[in-house]
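Peer 1: Chain residues, written in single-letter form:
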Amino acid sequence: MSGVWQIVRKDLRIELRSPAGLAAIFVLGLLVLLIFQFAVPEKPTPESAAAALWISFVFAGTLGAQRTFLLERDNFCLDGLKTAPIDPAGIFLAKMLGTLITLTILQVVVVPLTAVFFGIVPARPLGLALVCLLGNLGFAALATLFASISVGTRAREIILPLLIFPVLVPLLIAAVKASSVLLGGAGEAGIWVRVLVAFDVVFTVAGWLLFEHVLRE
Amino acid sequence: MVVALYLIFLVVPTERDQGIVQRIFYVHVPSAWTAFLGFFVVCGASLLYLWRGSPVFDRIARASAEVGMVFCTLVLLTGPLWARPIWGAWWTWDPRLTMTIILWTIYASYLLLRAFGGGEEQISRYAAVLGIVGAIDIPLIVVSVRLWRGMHPAVMMSRDPQGGLRDPSMRITLLAAAVAFLLVYTWLLLVRLRTLRVADGVAELARERDLAAS
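Chains as they are written, first to last, in the working numbering: chain A, 1 to 217; chain B, 1 to 214.
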């Protein structure tokens, strides 16, 4: 467990020492929100705010997830990580936590901005925070597994979104629906939260089990 | 064999209130079954590959994904052709349609992953991981898509594929078509397997030659 934390701390320290990567993620998230505003000229509703929120999160998050493994690619860092006395599942957990923390910081900025841009006061802010966290968790699990795959391929920038987006569909539907309810839209959020939890559990376990096959030489 | 079965569904089925268009059913439904079977085989072979590491399973997964993709595309092409005159729209976001197109994109990304490539054995393992993840995702997709559409009732009421199979000849035709598609699937799978095995053999020979040269 201590090894897991050390990898997380190492990654966060690298991110904070050269904050351009983090900044790129934030700016992309902001840009997607802006583009959404221009592309959807209708009156802002909780539904469109939820859509903008998650589209922005998914695009910026894909960029962020890619970074955790791009960092390891240079200077044979990944080989160093493999020789470290930590089992592959631990490395997966560390990378997932790192992505989760980075993307939580992203959400802390982007979610309030969405509320401001759309002129919406969230009906249930705590519930919304929970949904954001659950969505983030499932995304981090899936994106970490796929990012580790994409760095090993020839076309890694292209392949990552292609891998993530189709499999992400259930999470995206559930997160958008739940958020739109919690932002003040009509409907029931409980059932969507259950879908989110199921997604989180399934893909955290899947990543935990499958990661060793990705790392193996 | 295939020719004979084609004859069956050109000759036998009687038309009903949907008219001639309904015949597309005998292509559409068996294709869907075959596509799902193909994707199921991908998952099974991927699991076996990660477990046993034999390249045979890798080739099976790959071939089955390719052939499954052909049938899935067939489903997505015949569906709108049938839906347009009957439902009045090329496409609706009905749960089954939505699920099929999501599956199509998952396996498209599977094939793209293999096409972009990287280290050979590495890509096989990556693809196996994706084959498994894609299959695990299916129940979640089914649930979420059902719920998603459940929120908007009255999207479409006009589907009754089971309701109309009263005539036994229709059932026989459907069964015959299903068997035919299964055979086509198996045949294509075997052809692809042979091709992939030869390709792997050629790559192996090239490696040996390079090794001998150096």
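Bear in mind the hints are in silico, worked out from the structure with no lab data behind them. Values in this document were obtained by computation on a predicted structure and should not be read as measured data. From the three backbone atoms N, C-alpha and C, an ideal C-beta is built for every residue, glycine too. One should not assume that every hint holds.
Output of the computed footprint for chain A on chain B, the stretches with three or more beta carbons under 8 Å from beta carbons of chain A [as the list claims (entries may be wrong)]:
| no. | region |
| --- | --- |
| 1 | 51-58 |
| 2 | 76-82 |
| 3 | 97-107 |
| 4 | 178-191 |
Looking from chain A toward chain B, a few residues come up when the C-beta cut is under 7 Å (computed) [claimed, not checked]:
| no. | residue |
| --- | --- |
| 5 | V151 |
| 6 | A155 |
| 7 | G185 |
Peer 1: Hint by hint, note whether the structure agrees.
Peer 2: Here is what the structure says about each hint:
{"no.": "1", "hint": "51-58", "in the structure": "violated (count 0)"}
{"no.": "2", "hint": "76-82", "in the structure": "violated (count 0)"}
{"no.": "3", "hint": "97-107", "in the structure": "holds (count 3)"}
{"no.": "4", "hint": "178-191", "in the structure": "violated (count 0)"}
{"no.": "5", "hint": "V151", "in the structure": "violated, 9 Å"}
{"no.": "6", "hint": "A155", "in the structure": "holds, 4 Å"}
{"no.": "7", "hint": "G185", "in the structure": "violated, 11 Å"}
Of the numbered hints stated above, those contradicted by the structure are hints 1, 2, 4, 5, 7, listed in ascending order.
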